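Take a look at the letters that make up each chain.
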Amino acid sequence: MTTIDLTQLTQLHYINKKLVSGYHISEQDNLAWQELDQQQAQYAALFSALGHTLVHDARGFFHFATDEGTANMGKISRAIALFIYTLIEHYANQGQDPMRALFDKDVDLELCQELVLHNKVLYDQLEIFSGTDLRKDVLMRMVRLGMAKAKDKESVFRLLAPIHRYLDALLEVNEDALESAEEL
Amino acid sequence: MIIAKRVLNTLTELWPVLETLMKRFKMGDFSIKEVQSIIKQHFPHYSGAQIYKETNRLLSQDILVPLAKSSQLEINRAVSDFAAYLLQDESLGVAAEIHVLVEDLERLSTKLSKAVSDDDYADISRYTRIMDERVRKIVKLYKHNENAIYNLVEQAKANGSSMSLSKRYKAVIEAFDEYIEPMLEMLDISGAFQICFDAIELGLTEHLLHLKQSGRDTNTIRMLEQLRTRILDMHHIGRESLRQSADILMPLREELRQNTLVTRQAAKVLGLIRKRGLDNVMSAHQPFFASEPMHHQLGSNAQLVAYMAGLSEFEEHDFEMPDASAAEPYRAPNIPSFRDVRALFKPAKGNSKARRQQLIDVLDTHYPELESDELLYLYQKLINDPSLTLSQSEQLETKTIAGKRFALYPFIDASDATTTKSSEEL
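If you're matching them up, the sequences are chains A and B in order. Note that my numbering numbers the first sequence so that position 164 is 164, with each residue one more than the last. Note that my numbering numbers the second sequence so that position 341 is 341, with each residue one more than the last.
Derived by calculation from the structure, the hints in this document are not laboratory data. Just so you know, not all the hints are guaranteed correct.
[Unchecked claim] Between beta-carbon pairs, the in silico distance windows are:
#1 A:156 / B:201: 40 to 50 Å
#2 A:155 / B:203: 45 to 55 Å
#3 A:110 / B:7: 49 to 59 Å
No experiment lies behind these values; they were computed from the predicted model shown. Backbone N, C-alpha and C fix where the C-beta goes; we use that ideal spot for every residue, glycine too.
Chain A with its partners taken away, still in its complex shape (with noise of 0.2 Å):
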């Protein structure tokens, strides 16, 4: 039994207000990420006792384990799941690779303008037709979100380590079993 020191946990009421609105703590956030990681199990504790399952992913982040979500939240879910396979998708077209390239590079507006044309046919599907909606559907959201961070006055994004749930995902969309879905 774990037993809870609340006065040990300095940044409880910042580090409950992020994950509680589906924000990943990353290590970007300093403060809040240090004590997570001293005082996990405790914050574990408090959280499950307040319905929470709190996950630390070894990739360096914490987030809250959520199996459902409302309809929106799955759209803009979908939104950036798209945004981040077809820019895996652009950088292996330059010769980069994708891996080291997806956190190393930063995203401007020329970026997105050029993914959301190359990729009109996927995009469209989400209404998104121009680099300015991109930015502000996707990476403005992505931002709250902890899975990025904006640079020089949200000009530049830079994406960060929990975008691996992304490709968790990726590698889990398996074309045999989505068939064998659709029949049933």
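Using the hints provided, position chain B relative to the given structure of chain A.
Relative to chain A, chain B alone:
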């Protein structure tokens, strides 16, 4: 006579069968046994007779047609084209195909000019119609080929890593050599196509002017105008489609592409999303986040299910009536009747002793068996009784009644007293 609606119904009902036939045999032939086994596979609950009936339906409506001099079957060309379009599963044609059509267009335009100069209106509308058809066909081919290139690229990108690079990209390189490059050459700004189209367009404009001046047949004019627009549009579509195709083929041809697992999977998933829609592909796999509204709504699905489960197991507790014999019998409070009490204070002869006494003392002495609250109840009733003349002492006194101590300004029975407010008779 085959009724269109009936064919469409059959197509809808047996679509999975056709899809499988398309996938498994591409454009090849198959036996009737194979068709029946595919029907069986998709509709396992069908009886033998039903399967026979469905197969017959496909044959009688010419959706499946027999090969010449053979018992093998193939899918009707019109149906297979339509299905390929729906499944976006087209294969790449060659540039020559489009080239032939364009040459034909050129030939037709000279005939049209002749018809216009001869003022042969029947011929004008005939050639216009044929040219219109050719243009539509060219646009269709552009779209078709663009889709085919997408498919090629996807295959090359997502293919297993066991093959060598050159083998994997063989189809891509072929596509580039046989379609893209010749097409680019044709569509070049000063290429053969451009000159040809410029000539056709110029001719059409002249014919239009001529016909308008002669003021004849608005229908023909309208058709010519439409044709001209379509040709201009076709040229634009062709350039766009080629640019797109070249864009996606170029990086592959350069063999610069990094082929990690993630890249291959991304290409595969994006291809799936293009064909089946984002929601279908990603819904089962996307990550979820906690979100603010979730905390305001009634409860998550899991909570609701748990609640419903709780309801279904709900059992009412048996309501127990109290046992009549166990209950204590009712005991009336043993307060004497108020009338008797009041009689103590009624002015009467020979009863002067009781007068000028404090009410509370009188009560205490007359009813020693009463509890303090019962005495106070009587006391309070007495002082509110209008038939008694009372006066109140101005001094606070402490009294002990039935074992309880009270501090009060006692009322005194003053019905006959001239000296009031005296408390000497304690």
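Notebook entry, point to check: Does the Cβ pair residue 155 of chain A, residue 203 of chain B satisfy 45 to 55 Å?
Noted result: Because 52 Å falls inside the window, the suggested range holds.
Margin query: Taking the Cβ atom of residue 110 of chain A and the Cβ atom of residue 7 of chain B, is their distance within the range 49 to 59 Å?
Written below: Holds, since residue 110 of chain A and residue 7 of chain B (Cβ atoms, about 50 Å apart) stay within the stated range.
Note to self: Can you tell me whether the CB distance of residue 156 of chain A to residue 201 of chain B sits inside 40 to 50 Å?
What the structure shows: Roughly 46 Å apart at Cβ, these two residues keep to the hinted range, so it holds.
Consistency note: the structure conflicts with none of the earlier hints.
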